[in-house]
Amino acid sequence: MLQSAALSSRSVGIEIEGLVKRFGSVKAVDGVSLAVEPGEFLALLGPSGSGKTTILMAIAGFEYPDEGRIRVGGEDLTWVPPNRRNLGMVFQKYTLFPHMSVLENIAFPLKMRGLGRAEREERARAALATVRLDGYGERKPSQLSGGQQQRVAIARAIVYKPRVLLMDEPLSALDKNLREEMQIETKHLQREIGITVVFVTHDQTEALTMADRVAVLDQGRLQQIGSPHDLYETPRTAFVAGFIGETNFCKGRAQGAGVAGQRIGVTLDGGDVVEATAVEAVAQGAPVRIAIRPERLSLGDPATGLAACVEEAIYAGNATTLLLALPSGQSIRLRVPAGAALASPAVGERVGLSWRVEDARAFGDAA
Amino acid sequence: MSGRPSRWLLGGRHYSEAASLALAAPFLILAFVTFILPLGSLLHESLFLPQPTLAHYERALTEPVYLRVMLRTLRIAASVTLLTLLLAWPLAWLMARSSGLRLAILVASVLLPLWTSVLVRTYAWMVLLQKNGVVNQLLIGAGITGEPLRLLYTEGAVVLAMSHVLLPFMVLPIFSALRGIPEDYNRAAQMLGASEWATFREVIFPLSLPGVTSGCLMVFLLALGFFVTPALIGGPQQMMIATLVSQQVREMLDWSFAGALVGVLLAFVLLIAVAFKRAVRLDRFVGSA
Amino acid sequence: MSAPERTRPSRHAGRAAIGAIAYAVTVFLLLPTLVIMPMSVGPERYLRFPPDGFSLRWYAEYFGDADWISATLFSLEIGVVATLAATVVGTMLALALVRGRLPGKGLVELLVIGPVIVPHIALAVAMFLVFEQLRLTGTLLGFAMAHTILALPFVVFTVLAALYRFDADLERAALSCGAGPLRTFRHVTLPLIAPGVVSAALFAFIISFDEAVVSFFISNLDRKTLPRKMFEDIDYNVSPTLAAVATMLTLLTIAALVGSHLIKSRLDRRARAAGS
Chain V
106 MLQSAALSSR SVGIEIEGLV KRFGSVKAVD GVSLAVEPGE FLALLGPSGS
156 GKTTILMAIA GFEYPDEGRI RVGGEDLTWV PPNRRNLGMV FQKYTLFPHM
206 SVLENIAFPL KMRGLGRAER EERARAALAT VRLDGYGERK PSQLSGGQQQ
256 RVAIARAIVY KPRVLLMDEP LSALDKNLRE EMQIETKHLQ REIGITVVFV
306 THDQTEALTM ADRVAVLDQG RLQQIGSPHD LYETPRTAFV AGFIGETNFC
356 KGRAQGAGVA GQRIGVTLDG GDVVEATAVE AVAQGAPVRI AIRPERLSLG
406 DPATGLAACV EEAIYAGNAT TLLLALPSGQ SIRLRVPAGA ALASPAVGER
456 VGLSWRVEDA RAFGDAA
Chain L
315 MSGRPSRWLL GGRHYSEAAS LALAAPFLIL AFVTFILPLG SLLHESLFLP
365 QPTLAHYERA LTEPVYLRVM LRTLRIAASV TLLTLLLAWP LAWLMARSSG
415 LRLAILVASV LLPLWTSVLV RTYAWMVLLQ KNGVVNQLLI GAGITGEPLR
465 LLYTEGAVVL AMSHVLLPFM VLPIFSALRG IPEDYNRAAQ MLGASEWATF
515 REVIFPLSLP GVTSGCLMVF LLALGFFVTP ALIGGPQQMM IATLVSQQVR
565 EMLDWSFAGA LVGVLLAFVL LIAVAFKRAV RLDRFVGSA
Chain E
3 MSAPERTRPS RHAGRAAIGA IAYAVTVFLL LPTLVIMPMS VGPERYLRFP
53 PDGFSLRWYA EYFGDADWIS ATLFSLEIGV VATLAATVVG TMLALALVRG
103 RLPGKGLVEL LVIGPVIVPH IALAVAMFLV FEQLRLTGTL LGFAMAHTIL
153 ALPFVVFTVL AALYRFDADL ERAALSCGAG PLRTFRHVTL PLIAPGVVSA
203 ALFAFIISFD EAVVSFFISN LDRKTLPRKM FEDIDYNVSP TLAAVATMLT
253 LLTIAALVGS HLIKSRLDRR ARAAGS
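Chains as they are written, first to last, in the numbering used here: chain V, 106 to 472; chain L, 315 to 603; chain E, 3 to 278.
Think of the hints as simulated: they come from the structure by calculation, not from any bench.
All C-beta atoms, glycine included, are put in the ideal place defined by N, C-alpha and C.
Treat the hints with caution; some may be incorrect.
The following residues of chain E were derived to be distant from chain L, with all beta-carbon distances above 12 Å [stated by the list, open to error]:
#1 P45
#2 E79
#3 P193
Restricting the straight-line Cα-Cα distance to at most 30 Å, the calculated cross-link-like pairs of lysine-lysine (DSSO-like) are [stated by the list, open to error]:
#4 V:K132 / V:K198
#5 V:K245 / V:K266
#6 L:K591 / V:K245
#7 L:K445 / E:K107
#8 V:K292 / V:K245
#9 V:K216 / V:K266
The whole structure should be built from the sequences, with the hints applied where relevant.
Below is the structure:
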């Protein structure tokens, strides 16, 4: 790890304040504020059109915001051109220059910074060693595999010790196995050199695997920012609950008013009354949506819980997923881990569903 | 035939050897009568008439009058190549960064001259460059010169008009090379600290080189054998090899010497074409719209 | 420390300069041909820009001159024959190259590209030599053959591109359905490559109609093409009649380019609709 020590940089934080970016009449980013801690790995996660890439491009300097500020290490970079920001970036398709050798690619940013030939080569070789590609320096990028090109792209982005590393879906071009391997490898590398990383992805598993914290975006707005655990256990919006992991949504009306965190009774559309935890303040009779994870539902006697009928059982090795029909006709999923002493009920059997009140999260439902 | 399709499905190719030959036969006959036989006869004329001799080639390559013509031809072809390159690169770059209506207009401005008769374009330059022509009017109007300049029948006029005629052959291959460079390369270079100029010098220009080579080759080869424009716009002082060949055939009736000149020209052209075989891409000039 | 700048930094100076040069080059490309047009309607015997009036007398002169008209008609005649020949021969050859098993394929390909690499002056003089002996100078057959070989490379490359673009499995499907090679070509291949063939034909016509070098040599005194007639007239005097002819030729080229684009996009749509 000697080589990576040579690459470690004084890590700095990023502050984004009230960022707005319009494309014509569309607000691609709509008032996003967030702070990235020094040395943190932050993932920007969202579906396409959520504004995650636009935020990254604004940090990189390829988009100038209509409103708001971007500070890196306390320095206002909002209007600084990209080549003077001293940030590193790994692109979706690696963008290694095809007419340069691997080593020339890695030395390119050093050349742009006016370093002498000998020092350029020495540092480029060290960076190549950090990504475990010693001996590949003389090859052309096209002679490397996708994963190797990816590693070269990372080496090129960190060789000049940038203050921050930006990554724009860098693993999306790799096949599944390689992608999982590279996720862990990238994460290790980031820890070793201690650089601050902002990583854009639409893949929630990737975000949860790699990031210290994840910022979930939808339609240009920041939905929630927090650790993978927080996002999964305590989603603050219905969008986050649905986007991260698998969730059942049941519609109903609040029996009484409640504030955030309070237990409330909810009358489901089918007429049953259940208990849930309010995520936000709800008024009496207001429409709500309850989100419950499939693995947090328990099976019981039909007389004791929410009555349901088993429609399908899907065996998947590590777990069995049951498709259940509620009296309202709605279908929900329940997951029984393999090895649980319970025998799976047969198709057509009637069961009762129950859950811990903390696991049923009630969101106000405007729609 | 319908019962035995397998006969026609040999290795993914549908036609047998005999059928293929039959399809190619009209071309082969035509190519023999209009290409192989004529060039063969002409070279035969230069080498074997009246008896086997290299005298005609020796004359072409040693007599100062003819050597001067050949050197001038090379010089003009090189100047035209350089000038078209300087003019074509910015236009190709702008085209590569354009889309929609702007791209359509730019492409049209290249394709229209490409497909307009060389005679029409040469004639246009003669009109523009004549003594009381538009260019002289402009020069006098701007106070650059007091009386009309003699612009026609100068080497500069030949180079200018030939560059105009050959410019599309330079623009299209460079355009196609630049078009293939993803915008992300530009961004990556800037992200890594390259200024606009450094991005151009280190990334964009090197990546356009295959197109530049291909364009230079096309223009240089075409310029070497160019006939119409130098014959009309140049005077005797600007004679290029094509005009010399024409003169030998039409005025001197010296077929053997004309054949030797053509032989020299062909050897030169073929040498360059073979050396840069991969850069000769004809398909770029057809239907590039 | 100065207050942060509110305005966007300008990083477009270099780009703006290259863009300005590019537009100037566009003007350089188009202007000479376009300047001729207004000059062709001037009333004076010498060409002026801008013209001092409007008159169609030079167009009338062209249409009233038997020499001009016969040269034009001869060029049209040659153009039609050469276009048909180049399109048919070129398409057949392209099929043999892609779908056939042609012995000596590399040599044939060299032969196709030959007329592009070999300078036209060499071809012109060489053809002059042989055509004199074969009594082909000044004949429709001679011109048509010469123009066909010159236009062929463009047809072959256009059709080759069209053939490579479409899925050969479609042909295999037709063959396996029991259609013979001829019917497969007629009902599957031809409709799919039609856009390429049509634009190739139009370009072949323009090449033939504008061809000046070979025509210059294989014409004789009483049968000459329009470019040959223009060549002679330009050499003697820069008359306004020529400006009228040049204008008409330019307009014809524009019409052909626009026409080719329209036909091609229409056939393309049809081929896509049929293909998918």
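Index of numbered hints that the structure contradicts, given in increasing order: 7
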